[in-house]
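Chains as they are written, first to last, in numbering that gives the first Met the number 0: chain A, 0 to 387; chain B, 0 to 387; chain C, 0 to 387.
None of these hints come from the bench; they were simulated from the model. Positions of the beta carbon are idealized from the N, C-alpha and C atoms, including for glycine. Heads up, some of the hints might be wrong.
[What the hints assert, rightly or not] Between beta-carbon pairs, the in silico distance windows are:
(1) C:Thr30 x A:Ser4: 29 to 35 Å
(2) B:Gly328 x A:Ala366: 53 to 59 Å
(3) A:Ser11 x C:Thr30: 57 to 63 Å
(4) B:Gly340 x C:Glu14: 42 to 48 Å
(5) B:Lys3 x A:Ser11: 45 to 51 Å
(6) C:Thr194 x B:Pro202: 53 to 59 Å
(7) C:Gly254 x A:Ala252: 48 to 54 Å
(8) A:Pro216 x B:Gln380: 51 to 57 Å
(9) B:Gly328 x C:Leu215: 54 to 60 Å
(10) A:Thr325 x C:Gly254: 53 to 59 Å
(11) A:Thr17 x C:Lys243: 17 to 23 Å
(12) C:Leu215 x A:Pro216: 35 to 41 Å
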Amino acid sequence: MAAKSWVLTDHSANEYVTDLTLTDKDAPAATGCTVTKRTLRGGLSDGVDVVRVDNGACRFDVLPTRGMGIWRAWVGDLEIGWRSPVRGPVHPAHVPVGESTGLGWLDGFDELLVRCGLESNGAPEFDEEGRVAYPLHGRIANKPAHRVSVSIDDDTGEIAVRGSVEETRFHFLKVRLDSVVRTKPGEPGFRIEDTVVNISGSPAEIQMLYHCNFGLPLLGAGAQVVAPVKTVVPRNDHAASGVKAWPTYSGEAAGYEEQVYFLELLADDNGRTQAMLKDAHGMKAATMYFNKRQLPCFSVWKNTTSAPDGYVTGLEPGTNFPNPRTYEGEQGRVAKLDGAGSISFDFALKIHRNQAEVEAGEKEIAALQGDVKPKVFDSPQEGWCAPG
Amino acid sequence: MAAKSWVLTDHSANEYVTDLTLTDKDAPAATGCTVTKRTLRGGLSDGVDVVRVDNGACRFDVLPTRGMGIWRAWVGDLEIGWRSPVRGPVHPAHVPVGESTGLGWLDGFDELLVRCGLESNGAPEFDEEGRVAYPLHGRIANKPAHRVSVSIDDDTGEIAVRGSVEETRFHFLKVRLDSVVRTKPGEPGFRIEDTVVNISGSPAEIQMLYHCNFGLPLLGAGAQVVAPVKTVVPRNDHAASGVKAWPTYSGEAAGYEEQVYFLELLADDNGRTQAMLKDAHGMKAATMYFNKRQLPCFSVWKNTTSAPDGYVTGLEPGTNFPNPRTYEGEQGRVAKLDGAGSISFDFALKIHRNQAEVEAGEKEIAALQGDVKPKVFDSPQEGWCAPG
Amino acid sequence: MAAKSWVLTDHSANEYVTDLTLTDKDAPAATGCTVTKRTLRGGLSDGVDVVRVDNGACRFDVLPTRGMGIWRAWVGDLEIGWRSPVRGPVHPAHVPVGESTGLGWLDGFDELLVRCGLESNGAPEFDEEGRVAYPLHGRIANKPAHRVSVSIDDDTGEIAVRGSVEETRFHFLKVRLDSVVRTKPGEPGFRIEDTVVNISGSPAEIQMLYHCNFGLPLLGAGAQVVAPVKTVVPRNDHAASGVKAWPTYSGEAAGYEEQVYFLELLADDNGRTQAMLKDAHGMKAATMYFNKRQLPCFSVWKNTTSAPDGYVTGLEPGTNFPNPRTYEGEQGRVAKLDGAGSISFDFALKIHRNQAEVEAGEKEIAALQGDVKPKVFDSPQEGWCAPG
């Protein structure tokens, strides 16, 4: 499969393309497709590079400046993503990840898909002196890619946006994320192939969590999570109080306190599984595809507060649950890499545009569920939920 | 009143104007006026947008990149502002507001007018773990505006620079400052109308303090504060030691330790009040106009150190005194906003260019003072001054 | 000596040159020389200004955006510097120096020559509340120059790159580094003249350490430090365990734990001294020249870990050893400046390109050593090594 390819950023060669537009004139197989690269100016976004891919059916924005996150996606008129009170995409210079509170990451949080990791993700953790050992959700989302390119397959017209991002600190973790985001003409979504490479000559541990966030209009009163569930555990007592309704969503409620559920999903013999967010009427939905062998943990974060505060849910396949790093390490929920070793993660998002497509997606999930009855705990469980 | 208007930055529409010059050819009513927008390059200022307004009598620099602060002003040859040891205006990327000391804000401090807030202002405050709960003077001055525009009234030639700046952190405070800076052809100063909007669906509390800073040549040995004073309280014992001379200034003294006085001013029936900094000879002065109902607290910060260290005084109308946030909250000195609620602040600065103008300004203040005798405490007072 | 000169950045005059190339057409005396200025784009380097000087024999990159550090140098095919796991040069916006760990400086560490200071250098130090009092290696390397220029001497063709960088915090230290980097056509290296000026009207203390870093291919198994040694003290027990081999280097060893030695060197009557890093075969070397009266302390940092982790040694003349600031202050190892006072530092790097040049350099060192026998301690010494 031959492909044409365009370098957008190559730090080593000091190449950098400020603006680029590719159409099917540049790559005839990509019928009806457009790829544009631009740099945002002004506000908190000043200096953020955006690669917009439009495959005719679906368009989405890749953010090389924010660790190859996906800002938003659109399928026809339907916007997928959410409206954060943070007006992003935010340049990392405005995100104080290392702030002493450990919460600076929140200043940049507005993407449809933000990777949490790679040294750690989850709640911030402090050392004995009270200093941040692991800031909330880690550093990778606020690291800019040093190499970015686009290629388009000559035959299939498949568009691939590649980016490499490093999270390295001298004397500490040194890892590289090599990400490829793929989509074909007319595909109602995209697919991601990520590889995390341990640059170091010594072993390392990493965590990865795909924090995939949905808001209005897909989310709404009566929307629900559809997934092949083996186990559900509420993260804390507050989540436990709502566990009976864990898969369904309420409408906007100012002051709503977030509820989080930790899940083990069922999968096929190859580890493949999927989870769907379905709107109240079953007329549209989004399905995430991933592999339980790579991403064994699945978290559902419900934050159905008022719209201006960020009415949103996060569906989050990960190597771990978003507990503090030390606790997760104790449970063995980290990925261990040899020196120069690597690990890969596959993730895809597909949008269901009508009732038939939604039902087809539900059927796939029902097949994975089979006749297994989900085990839903009504209280936090040891080994799942960090104390306190 | 029809007006012409030019968008400089509109984050939502991805509009951004790198350079612009407007003259009375663009807006005939603004006789002799010029508005320019440029972006600074190099040093700590790299990437800072500046809107310079010159109305023929007065010119001043508005800083969209620094929360719509006013960098400096000039009336004829007279520079209003001060010479900070910080070589600004400083891009927020170089200001570590969240640094664990809580003092990173100082790295960007060089403006004539810097807003302190909006979650808090005043001395840094730490939580029980020793982590910064409220950094010195808050975050708003280091947030870039996402929307900036200039308009010029067709009839009066009044120039308005508008900017909107957000201070939002997911799960925490979410507020927006909508600022308008106005001036007319020939006006020896400018007027500000600020509105702080609570974006959230839930109630919020904010603080606002206009940290207005004057140095040489207006400040100097023998310069003084002229204001309609009800009460003066020294912030601490050190300030108490100089309270008899609170309204007058010494010349430069290397190693001078700052002294701060907390004041309640008198106002007219509508809350309007004003305070003046007058030079030693009564030949020039600057008056700040504001409303005591909006900004009930007035602080005088004396920092008459050597010129290269920053010989400066701050006259600071605020919702509160610049004590730690928790203490001020206990005294009720915060502004409470409903969900989606807002509060407005009016502030103006006028330069008096000669003895007659100075005397006219003093007469206004004398009228507000009437025959009320100021109450000057010779020690810190409970309810005014945070202990320790 | 007349010279032509070009301003690259002048913050005060709002001058900034984006791209510039100078050749001997611009300055005939600089035969075969080229000076280029460009701004890097993309990745962590986005916005970093680089001045590359090529004198025909040696080329090197000066980094105005990173406190006038020297990124790398090349003499013919030989690269001088090292390959850090950090992909730099890193823009200061991505270096959280004030992070609560005190270790954020490591995120930007990849230069051949990085100045550590000026308030402090060395290991991070925390106050009683656990907050960073002195972050690792200080702030100067992450401050951008506000004034940068190049001049070329009409007679000698000597190229001088000048830059001024400030490390100022209102109410705290206010100092300026005025740096000149010089080289002549055909010179196998460069010379630096630094002056640190106390901007303040009050006395101040500073520290300066030239963290000069060498990796492959100059460093390698069997490479060694050649220096006129009076005393060697291992920093801690781990360093003590390897003290017998202190001047020689091992090959790459994944997981190697760094070893540091503190040295007093011998010098001539004017304080001039020098230290060499020689490759295993004595075929090439790098010599640093400096003055013991200005820089009395010399540290050798051995970090012969695996190449991708940063196989490197630092040879570090300084006003002090890189112990925590308070400890060094107690030993008197700080430079004291009067108000408006200054101190100068001279530093040069010369590359030896063949055996004859290496031997000539060794001869100079042998002359300084004379018949003084080095005193090598086999354990950490009081007054040299901070406890703990």
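Results for each hint:
For the pair C:Thr30 and A:Ser4, the beta carbons lie near 42 Å from each other, so the given range of 29 to 35 Å is not met. Separation of B:Gly328 from A:Ala366 is about 56 Å and conforms to the stated range, judged on CB atoms against 53 to 59 Å. A:Ser11 and C:Thr30 have their C-beta atoms about 31 Å apart, which leaves the hinted 57 to 63 Å range violated. Judged by the Cβ atoms, the range 42 to 48 Å given for B:Gly340 and C:Glu14 holds: they are separated by roughly 47 Å.
Between B:Lys3 and A:Ser11 the beta carbons are some 49 Å apart, a value that agrees with the proposed interval 45 to 51 Å. As the Cβ distance of C:Thr194 to B:Pro202 is approximately 55 Å, the hint placing it in 53 to 59 Å holds. The hinted range of 48 to 54 Å is satisfied by C:Gly254 and A:Ala252, whose Cβ atoms lie roughly 52 Å apart. For A:Pro216 and B:Gln380, the Cβ-Cβ distance of about 56 Å falls inside the hinted range of 51 to 57 Å, so the restraint holds.
One distance hint, 54 to 60 Å for the beta-carbon pair B:Gly328 and C:Leu215, holds here, with the actual separation near 58 Å. At roughly 22 Å, the beta carbons of A:Thr325 and C:Gly254 sit outside the given window of 53 to 59 Å. The hinted window of 17 to 23 Å between A:Thr17 and C:Lys243 is violated, with their beta carbons roughly 56 Å apart. A C-beta distance of roughly 57 Å is found between C:Leu215 and A:Pro216, which places it outside the suggested range of 35 to 41 Å.
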